[in-house]
Amino acid sequence: MKYSLRFLMVLAGAFIAFNNGKAQTTNSYLQEIEQWDSSRIHYLKSEEGWLNLEGLFWLKEGKNSFGSNPSSQLVFPGNILPADAGYFERQGNSVRLFPTEHTGILVNGQVMKDAVVYNKDLLPAPVMSYGSLRWTIIQREDKIGIRLRNLSSRHLREFRGIERFAVDPAWKVDARLERGNPFHTVSITNVLGQTTEQRSPGKLVFTLKGKQYSLDALEEGDQLFIIFGDLTSGETTYPSGRYMYARKPGPDGITTLDFNKAYNPPCAFTPHATCPIPPPQNILPVAVIAGEKNYH
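As numbered in mature numbering (1 follows the signal peptide of the UniProt record, and there is no 0), residues -23 to -1, 1 to 273 make up the sequence shown, in order.
None of the hints are false.
Here are the simulated EDC-like cross-link-like pairs (lysine to aspartate or glutamate), alpha carbons at most 16 Å apart as the crow flies:
#1 LYS225 - GLU197
#2 LYS225 - ASP235
#3 LYS40 - ASP91
#4 LYS37 - GLU66
#5 LYS37 - GLU118
#6 LYS90 - GLU66
#7 LYS225 - GLU196
#8 LYS22 - GLU135
#9 LYS120 - GLU66
#10 LYS225 - ASP199
#11 LYS149 - GLU9
#12 LYS40 - GLU66
#13 LYS90 - GLU78
#14 LYS97 - GLU118
#15 LYS40 - ASP61
#16 LYS97 - ASP119
#17 LYS186 - ASP151
#18 LYS270 - ASP145
#19 LYS188 - ASP151
#20 LYS270 - GLU212
#21 LYS149 - ASP235
#22 LYS186 - ASP235
#23 LYS270 - ASP14
#24 LYS270 - GLU140
#25 LYS120 - GLU38
#26 LYS225 - GLU155
#27 LYS186 - ASP145
#28 LYS149 - GLU11
Calculated from the structure, these hints are not laboratory results. Remember, it's a predicted structure, so these values are computed and weren't measured experimentally.
Take these sequences, add in the hints, and give me the full structure.
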């Protein structure tokens, strides 16, 4: 079969235009992932990020002395605080701070003789500070404790980024949300061994390499939050799985799962976090070679 020179030129032009368009799309997607990664790193290194955590102290009922003195019930590391900094008093779900006089501990930027620093009506929880230290009170079921940050932490200074798998658009897939009943929940266990029932809008059903899989989703604001594990967990990725966000689907029930944006939980960076781990049904029987690798 013979083709005219004009036809072949048109065909070649169309082929070049197609490949140029494909290359532009790929470059645009690579830029999107790079911007996402840059924002992720910026957050990790920020005051609210996970690299500066240096302590998690659970409070018992009654008085809990704290300071840099090894004899304190709660020993803050680094010899930054005075030896005897005062005490916290827990009464049920309420915590009050009683700093030692003239320590210079601040509560939301102000020196106070004593202050209620936690109850369920105090939102957000007050921030206490001394030098480079910042701490707040957190609650995990019946446990109430102090989350301590050091803005001069060596982990911040030593951080050199997170290794990732090569970006591959094939790991960005459409997913269909199969909604459960309005009261559907999923059992989620954290690293403390606590299990809670969390509301789930349903399962995200998707296809990878010709096979169908599903992941139970949770709701977080205007997004879906997914906790999952796969065959790379404990090998090239964090043993207790990774996290991922997706936009809530529109009326057609379709959203996008981008495994290139799968990221490590806080526990990959610090032992002082209380991360949820994947429920058994969210352990995928496939190696997801996309997103963040384990942090060493």
